[in-house]
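Student: Same order as they appear, the protein sequences are chains A and B. Position 48 of the first sequence, counting from 1, maps to 48 under the UniProt record's numbering, and the rest follow consecutively. Position 125 of the second sequence, counting from 1, maps to 125 under the UniProt record's numbering, and the rest follow consecutively.
If you're looking for bench data, these hints aren't it; they were derived computationally from the structure. Hints are supplied without guarantee of correctness; some may be wrong.
Since copy identity is lost for identical chains, a pair holds within one copy or between any two.
What the hints assert, rightly or not - Below, simulated DSBU-like cross-link-like pairs (lysine-lysine); rule was C-alpha separation at most 30 Å, straight line:
id: 1; residue 1: K21; residue 2: K111
id: 2; residue 1: K111; residue 2: K80
id: 3; residue 1: K11; residue 2: K118
id: 4; residue 1: K118; residue 2: K104
id: 5; residue 1: K104; residue 2: K144
id: 6; residue 1: K14; residue 2: K3
id: 7; residue 1: K14; residue 2: K104
id: 8; residue 1: K14; residue 2: K141
id: 9; residue 1: K63; residue 2: K122
id: 10; residue 1: K80; residue 2: K3
id: 11; residue 1: K77; residue 2: K89
id: 12; residue 1: K3; residue 2: K63
id: 13; residue 1: K25; residue 2: K122
id: 14; residue 1: K89; residue 2: K144
id: 15; residue 1: K45; residue 2: K11
id: 16; residue 1: K122; residue 2: K3
id: 17; residue 1: K111; residue 2: K29
id: 18; residue 1: K144; residue 2: K80
id: 19; residue 1: K122; residue 2: K89
id: 20; residue 1: K80; residue 2: K21
id: 21; residue 1: K77; residue 2: K141
id: 22; residue 1: K106; residue 2: K29
id: 23; residue 1: K106; residue 2: K3
id: 24; residue 1: K111; residue 2: K77
Number of protein chains: 2
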Amino acid sequence: MVKTYGERTDKSMKTVVRLEKASLKITNKTLSYLSQHGLTFNQFKVLEVLYHRGDLNIGSITKLTMSTPGNITVVVKNLKRDEWITSIKDPNDNRASILTITQKGKEVIEKVFPEHAKNLYKAMEVLSDEELDTLYSLVNKVYKAN
Amino acid sequence: MVKTYGERTDKSMKTVVRLEKASLKITNKTLSYLSQHGLTFNQFKVLEVLYHRGDLNIGSITKLTMSTPGNITVVVKNLKRDEWITSIKDPNDNRASILTITQKGKEVIEKVFPEHAKNLYKAMEVLSDEELDTLYSLVNKVYKAN
Numbered sequence: 001m002v003k004t005y006g007e008r009t010d011k012s013m014k015t016v017v018r019l020e021k022a023s024l025k026i027t028n029k030t031l032s033y034l035s036q037h038g039l040t041f042n043q044f045k046v047l048e049v050l051y052h053r054g055d056l057n058i059g060s061i062t063k064l065t066m067s068t069p070g071n072i073t074v075v076v077k078n079l080k081r082d083e084w085i086t087s088i089k090d091p092n093d094n095r096a097s098i099l100t101i102t103q104k105g106k107e108v109i110e111k112v113f114p115e116h117a118k119n120l121y122k123a124m125e126v127l128s129d130e131e132l133d134t135l136y137s138l139v140n141k142v143y144k145a146n
Numbered sequence: 001m002v003k004t005y006g007e008r009t010d011k012s013m014k015t016v017v018r019l020e021k022a023s024l025k026i027t028n029k030t031l032s033y034l035s036q037h038g039l040t041f042n043q044f045k046v047l048e049v050l051y052h053r054g055d056l057n058i059g060s061i062t063k064l065t066m067s068t069p070g071n072i073t074v075v076v077k078n079l080k081r082d083e084w085i086t087s088i089k090d091p092n093d094n095r096a097s098i099l100t101i102t103q104k105g106k107e108v109i110e111k112v113f114p115e116h117a118k119n120l121y122k123a124m125e126v127l128s129d130e131e132l133d134t135l136y137s138l139v140n141k142v143y144k145a146n
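Bound conformation, chain A alone (with noise of 0.2 Å):
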């Protein structure tokens, strides 16, 4: 059964839905990796943020893990718990927090990340250099368009 909405629609879907299957892809290998370190990605994605970009406020964070607050909330209430981080009241806005990764958070994280990188460089293996770059730019131009 073959069914057209148009050309470029159809190129568009087929891209989309390719775009999501990749993305998938290398998630589920994300996940399967942290998961034999006893981390859920959105911790991770937490401490790996606070780890390379230094104190942040929960809203930073949870814009750039594209999260939610209400998810945020718990996984940062996990994270005190486990002492991977620590949190002060934030001097400019007393109904914020800003959160600071412990030594504890950072030892963490600088055992799981160095083969997370690895995972990723070797998830883009494929493609040469001038590919990557081609891709890196096409799908942030989609990205920021949306």
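Let chain A serve as the given structure and place chain B on it in line with the hints.
Tutor: The following block gives chain B in isolation, referenced to the frame of chain A:
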């Protein structure tokens, strides 16, 4: 704080993250559109695949929707309850079922799909025809390699 894991690795990570975020943005738009029509993403995917490809067994549907057997079982149960699909035993495999979209299910897809197609057209509108082709082929390459 700037940390590098090597130029190619950094670029691979940046690209994977952009891929995930671009895909997530479009998925979120789709989810919000579908929820306005009382559909979950998985329900929509199963109906859509039966509508456009014809009858399929659950194994094929699980693959095509990149879902898990557990998820699909629940989705199929609800779609049957709503009389949007029917199932019969697969004559070639006694443990498997073949699913068929009903007239009622077709009407759901025919109501929802054209605007969904338009939404995905718009999501990719920022790209030229050539860029869209390039994006598809690069993402497909990554998809197949992972």
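Student: Run the structure past the numbered hints and jot down the numbers of the failing ones, going up.
Tutor: Violated hints: 5, 14, 18, 19 and 21; rest satisfied.
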